[in-house]
Amino acid sequence: MAAVNFESPLAIKIRKQIVQALNDFNMIEDGDKLMVCVSGGKDSSVLLALLTEIQKRSERKFTLEAAILDQKQPGFDPTAFRTWIESLGVKLHVLEKDTYSIVKEKVPEGATYCSLCSRLRRAILYDFAHANGFTKMVLGHHRDDVVHTALLNLFYVGTTASMPPKLKSDDGRNILIRPLTYVSERDIEDLATEWAFPIIPCNLCGSQDGLKRVRVKKLVRDLEKEIPNIYASIQTALSNVKPSQMMDQELWDFKNLKT
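Here the sequence shown stands for residues 1 to 259, numbered as in the working numbering.
Hints are computed from structural coordinates only; laboratory data are not their basis. It is possible that some hints are incorrect.
[Claimed, not checked] Only pairs whose alpha carbons sit at most 25 Å apart, straight line, appear in this in silico DSS-like list of lysine-lysine:
hint : residue 1 : residue 2
1    : Lys16     : Lys33
2    : Lys166    : Lys225
3    : Lys16     : Lys242
4    : Lys255    : Lys42
5    : Lys13     : Lys72
6    : Lys212    : Lys33
7    : Lys97     : Lys16
8    : Lys166    : Lys242
9    : Lys56     : Lys42
10   : Lys42     : Lys166
11   : Lys212    : Lys56
12   : Lys212    : Lys136
13   : Lys42     : Lys16
14   : Lys91     : Lys166
15   : Lys168    : Lys225
16   : Lys242    : Lys225
17   : Lys33     : Lys136
18   : Lys218    : Lys255
19   : Lys136    : Lys16
20   : Lys218    : Lys258
21   : Lys16     : Lys72
22   : Lys42     : Lys218
23   : Lys168    : Lys218
24   : Lys91     : Lys218
25   : Lys61     : Lys136
26   : Lys166    : Lys13
27   : Lys33     : Lys56
28   : Lys168    : Lys61
29   : Lys72     : Lys56
30   : Lys242    : Lys33
31   : Lys97     : Lys56
32   : Lys212    : Lys225
33   : Lys242    : Lys218
34   : Lys13     : Lys217
35   : Lys72     : Lys61
36   : Lys91     : Lys56
37   : Lys136    : Lys168
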């Protein structure tokens, strides 16, 4: 297993983008106890590693721990991943909950597992973070996730909504932050390849065809060939909302609009 090179140009670029997001949205404060929710995949793993470097450089004092959910999927083995996480000097909590059997039982044949699986996973992580005094939950969603979610909501749900960089959970118990908000998926993929750390594949939904998110991702990447800055443009639009030029009557009083 190769040592993590925090001084590679790509690592420095992503670290600076993370710091920019942390500052723009005041994501981390003095005394924070952060729980980084890792899946064993590239996004949350790169984020966790770079947060350890940011922690060393930051004037703000905060602590980091990681949590991964063992959903009892066949073939799930966190051994090598745990070794890598611990090499970063981070404590890893492995939460064992058999959501795999629930999802397989409840979801009809041919339907996608992601929605139910993510709800169950989120509830378990929320409960653990609250019970163990973590002040923030750190999620590994990147810029492309933000854009894809906005389009999924637009195309399939009929809402203008996405993944905010900082969010209070509906029950008010947890604050969620997304430090990769400005980071492209391609950069994360390239850094993951460069660092060559162990990845735990998702065997539950990774082989399912026809996922809406996959279709939207392909659509945007196809458009990117004609519009090179499409991801940046859509993300900028999400932070440049003009309520008076939308149709939401909760945001603008059209009925009483007069000269």
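Given the hint that lysine 218 pairs with lysine 258, test it: the Cα-Cα distance must not exceed 25 Å. violated, 45 Å
Given pair status - lysine 136, lysine 61, alpha carbons within 25 Å: holds, 14 Å
Straight-line Cα separation of lysine 42 and lysine 218 no greater than 25 Å? Holds. Lysine 42 to lysine 218 sits at ~19 Å (cutoff 25 Å).
Below or equal to 25 Å on CA atoms is what counts here, so check lysine 168 against lysine 218. Status violated; Cα separation ~31 Å.
Is the Cα-Cα distance between lysine 42 and lysine 16 25 Å or less? Roughly 18 Å separates the two Cα atoms, so the pair holds.
For a C-alpha distance cap of 25 Å, please report whether lysine 166 and lysine 225 respect it. Violated, at roughly 31 Å.
Has the given pair, lysine 97 with lysine 16, been kept, meaning a C-alpha gap of at most 25 Å? violated, 36 Å
Compare the distance between the alpha carbons of lysine 13 and lysine 217 with 25 Å, and conclude whether the hinted pair is satisfied. holds, 23 Å
Between the alpha carbons of lysine 91 and lysine 218, is the straight-line distance 25 Å or under? Violated, because 36 Å separates the two Cα atoms, which is more than 25 Å.
Taking only the CA atoms, is the gap from lysine 72 to lysine 61 under or equal to 25 Å? violated, 36 Å
Restraint status (C-alpha distance of lysine 242 to lysine 225 at most 25 Å): violated, 28 Å
Between lysine 212 and lysine 136, does the CA-CA distance stay at or below 25 Å? Violated, because 30 Å separates the two Cα atoms, which is more than 25 Å.
Consistency note: the structure conflicts with the earlier hints numbered 2, 3, 4, 5, 6, 7, 11, 12, 15, 16, 18, 20, 21, 23, 24, 29, 30, 31, 33 and 35.
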